[in-house]
Amino acid sequence: MDNLQGKGQWVRKHVTKDGHSHIIERGNIDWKEELDVFKEADINRPAWRGEFKVDSISLERVFVITYKTENEEIPVKNVVVTVDKDTKQCLQISVDRRTKNFLYSSDQSLYFTTGEGYMMKGKLSVTLLFDSEYSIESEFIES
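For the sequence shown, my numbering assigns the number 372 to the initial residue and increments by one for each residue that follows.
The set of hints was computed from the structure by calculation and includes no laboratory data. Warning: the hint list may mix true and false statements.
What the hints assert, rightly or not - The calculated lysine-lysine pairs, modelled on PhoX-like cross-linking and capped at a C-alpha distance of 25 angstroms, are: (1) Lys439 - Lys388; (2) Lys388 - Lys456; (3) Lys388 - Lys494.
Stated by the list, open to error - So the derived label-pair ranges between C-beta atoms look like this: (4) Trp381 - Ile436: 26 to 32 angstroms; (5) Asp389 - Thr458: 38 to 44 angstroms; (6) Gln460 - Ile395: 24 to 30 angstroms.
Note that beta-carbon positions come from the ideal geometry of N, C-alpha and C, so glycine has one too.
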């Protein structure tokens, strides 16, 4: 986030909500606020220690590390981190979140690709009231 803030990075977003789409371009972004949903997916919480199974795969140029839980109390279900073997730089993060109770259910998928952009997709169902789907596909652009 600090790297994006320091660059004065602009973003182009393709936003779709319940089938209606529009495009937004903007700069002067508070990246801590903009990417807060990724911070909320941080699985390094004391209460969640030992709740995630870890698997890793070493491919030719990258390591892929997967964290997964079946614990119904934890909204973050799956985190996949792809790291460049040579530079040790995080190339991509994907997160699956699910919350379900008697009032509503929410499914959300998050993707962040270093230097390129990020995407959020989700569905919210509020019991007896409404269902809503959305996606936000964002790409970093030069100002």
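Hints, verified against the model:
| no. | hint | result |
| --- | --- | --- |
| 1 | Lys439 - Lys388 | violated (28 angstroms) |
| 2 | Lys388 - Lys456 | violated (38 angstroms) |
| 3 | Lys388 - Lys494 | holds (10 angstroms) |
| 4 | Trp381 - Ile436: 26 to 32 angstroms | holds (31 angstroms) |
| 5 | Asp389 - Thr458: 38 to 44 angstroms | holds (40 angstroms) |
| 6 | Gln460 - Ile395: 24 to 30 angstroms | holds (28 angstroms) |
Consistency with the previously given hints fails for numbers 1 and 2, ordered from lowest to highest.
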